[in-house]
Amino acid sequence: MGGMTTTAVTATPVVGFEQVTKSYGSVRAVDGLSLVLRPGETVALLGPNGAGKSTTLDLLLGLKQADTGKVEVFGTSPRGAIVAGRVGAMLQSGGLMDEVTVGELVKLACDLHPKPYKVADVIARAGIAQIADRKVNKLSGGQAQRVRFALATAGDSDLIVLDEPTTGMDVSARQAFWATMREQADQGRTVLFATHYLEEADAIADRVLVLHRGRLLADGTSAEIKAKAGARRIAFDLDGEIDEAPIRSLPFLTSVTVSNSGSAAGSGHTIRIQSTDADATVHALYGLGVYPRNLEVAGLGLEQAFVAITEAEEAKQSC
Amino acid sequence: MLSTFASRGLIKLELTRALRNRKFLFFSVIYPSVIFLLVSNQTGTVDGTGLSIAKYVMVSMASFGALTAVLMGNSERIAKERENGWVRQLRLTPLPGRGYVLAKTAGAAVVSLPSIVVVFIVAAVLKDVRLDAWQWLALTGAIWAGSLVFAALGVAIGYLASGDAVRPITMIVYFGLSILGGLWFPSTTFPTWLQDIAKWLPTHAYAALGQAIEQSQSPHAKDVTLLVVYFALFAGGAAWLYRKDTLKA
Numbered sequence: 004m005g006g007m008t009t010t011a012v013t014a015t016p017v018v019g020f021e022q023v024t025k026s027y028g029s030v031r032a033v034d035g036l037s038l039v040l041r042p043g044e045t046v047a048l049l050g051p052n053g054a055g056k057s058t059t060l061d062l063l064l065g066l067k068q069a070d071t072g073k074v075e076v077f078g079t080s081p082r083g084a085i086v087a088g089r090v091g092a093m094l095q096s097g098g099l100m101d102e103v104t105v106g107e108l109v110k111l112a113c114d115l116h117p118k119p120y121k122v123a124d125v126i127a128r129a130g131i132a133q134i135a136d137r138k139v140n141k142l143s144g145g146q147a148q149r150v151r152f153a154l155a156t157a158g159d160s161d162l163i164v165l166d167e168p169t170t171g172m173d174v175s176a177r178q179a180f181w182a183t184m185r186e187q188a189d190q191g192r193t194v195l196f197a198t199h200y201l202e203e204a205d206a207i208a209d210r211v212l213v214l215h216r217g218r219l220l221a222d223g224t225s226a227e228i229k230a231k232a233g234a235r236r237i238a239f240d241l242d243g244e245i246d247e248a249p250i251r252s253l254p255f256l257t258s259v260t261v262s263n264s265g266s267a268a269g270s271g272h273t274i275r276i277q278s279t280d281a282d283a284t285v286h287a288l289y290g291l292g293v294y295p296r297n298l299e300v301a302g303l304g305l306e307q308a309f310v311a312i313t314e315a316e317e318a319k320q321s322c
Numbered sequence: 175m176l177s178t179f180a181s182r183g184l185i186k187l188e189l190t191r192a193l194r195n196r197k198f199l200f201f202s203v204i205y206p207s208v209i210f211l212l213v214s215n216q217t218g219t220v221d222g223t224g225l226s227i228a229k230y231v232m233v234s235m236a237s238f239g240a241l242t243a244v245l246m247g248n249s250e251r252i253a254k255e256r257e258n259g260w261v262r263q264l265r266l267t268p269l270p271g272r273g274y275v276l277a278k279t280a281g282a283a284v285v286s287l288p289s290i291v292v293v294f295i296v297a298a299v300l301k302d303v304r305l306d307a308w309q310w311l312a313l314t315g316a317i318w319a320g321s322l323v324f325a326a327l328g329v330a331i332g333y334l335a336s337g338d339a340v341r342p343i344t345m346i347v348y349f350g351l352s353i354l355g356g357l358w359f360p361s362t363t364f365p366t367w368l369q370d371i372a373k374w375l376p377t378h379a380y381a382a383l384g385q386a387i388e389q390s391q392s393p394h395a396k397d398v399t400l401l402v403v404y405f406a407l408f409a410g411g412a413a414w415l416y417r418k419d420t421l422k423a
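For the protein sequence lines, the chains are W and V, in the order given. Residue numbers for the first sequence follow my numbering, beginning at 4 and rising by one. Residue numbers for the second sequence follow my numbering, beginning at 175 and rising by one.
Hint data in this document are derived by calculation from the structure and do not stem from the laboratory. Note that the structure is a prediction, hence the values are computed from the model and not measured. You may find that some hints are simply not true.
Said to hold, decoys possible - The following label-pair restraints were derived from C-beta to C-beta distances:
#1 V:PHE349 / W:THR104: 30 to 36 Å
#2 W:GLN133 / V:ARG182: 39 to 45 Å
#3 W:ARG137 / V:GLY410: 51 to 57 Å
#4 W:ASP136 / V:ARG182: 19 to 25 Å
We treat Cβ as the ideally placed atom computed from N, Cα and C, and that holds for glycine.
In isolation and in its complexed conformation, chain W is listed as follows (with noise of 0.2 Å):
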């Protein structure tokens, strides 16, 4: 796979979309989206809720239409890139038939897919071979999630798409189901997924796309999003008096936040800062001439990231 980012420039998209657009009366869902995924990506889809992450699903897999814009699957329409089976998908808001066995489902997604797998594989690799005769409408949460993983993987579809896929599932279930899904994307699947859980995201996607409001905040590794917010917090503590004004002028802050520390002394502060060249900053910081104790220079998680991103878009469209 040494020649991945050459194949990725040359192939078709997996997926495209190019000025999207979808409104619900008023409330603009997508707004103006445009993306492009490549063959082999591993790629999360990250906002909060409203962010427009379903609609962006369900206007890729051909459930809504576009208003505006256009939305290409390999190189053709949603439902075609389905009808060729070349894409698997679970949705949260996908149902499962009642008073049916999980085998015989499961059975029902193989014969529905042009390239199926055979039923007792799909069944072993998605964890499920002891509820196999299990009814359907009898089925756990965390267990109704295995089978839907089940029919998103029924045959040998080129990209995978996932809603919130772990939703329901307890830690070890959850780390049970991402390993199953690293082996799909380690045979040169494409894999998309909507999540929640910042650290899934930043555990398991080589590509991050932020959505806030319909359109994309961010795109990049989860490297790159969190040096987008402000790469690293530094803290110190500051005896006796302190002047605010030089430690606010300090380089590459993105944030600062003073605090008293509640020290015996009465007098001492914290400082909180954020900022994009830690380096610099700290070196700066000496400069100054004062003496901080306690420092600690730590990465920023992709969660904060997150949030410092969505809160800074938040205060630019209030003003």
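Given the structure of chain W, go ahead and fit chain V onto it with the hints provided.
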């Protein structure tokens, strides 16, 4: 065709499920025969038809059983599967949209056939109803084929109503059509004004198909035309509602 092949898996599963549902099988297969036995005890003929009461009720109950099988199950199930998202999930597969409706109709048809045949067997064995071989075959074929009209109606209701509304709507349509169409009591017992309405109902034309065959006649052109018009109406309505639902989903 790839699409018919794809539909086959779902049709098979719908059939399995239909035959597994005991409560539903009882109501559509056994129940009409029970009513037949209760009502056919009277002797005499039904006014204006020259048919014995047993023969007349046999066709009514066979039609009623087929109506139950194709109307009751599907409307509720389609409404439910639209709500729980199974219809959405199926749209993520290569199954063509009409494949779902086709599978539902096939599932109903496989239950409606025994409900017709069981009434016939009960009538022949327990009530000595005698007809020519061609009449038995023609009756089975006509009543089975005619049930498609109501299968289309069931699909239309399934796409029209949702949630708590679907059951009462189905019940009203089901009992309204059964009673007013003369499946329970001959419509000749109705007051004239009601008879004038009843003769335009699809269930009236449906039962009349079978009665004509029992009278050794071919079905009346008026009844066949009426059923064809209703079928076009229900199937067209179902297709329109289906498309509307697809855009909304």
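Do the hints match the structure? See the list:
no.: 1; hint: V:PHE349 / W:THR104: 30 to 36 Å; verdict: holds, 35 Å
no.: 2; hint: W:GLN133 / V:ARG182: 39 to 45 Å; verdict: violated, 29 Å
no.: 3; hint: W:ARG137 / V:GLY410: 51 to 57 Å; verdict: violated, 40 Å
no.: 4; hint: W:ASP136 / V:ARG182: 19 to 25 Å; verdict: holds, 23 Å
This entry does not satisfy hints 2, 3, going by the numbered hints stated previously.
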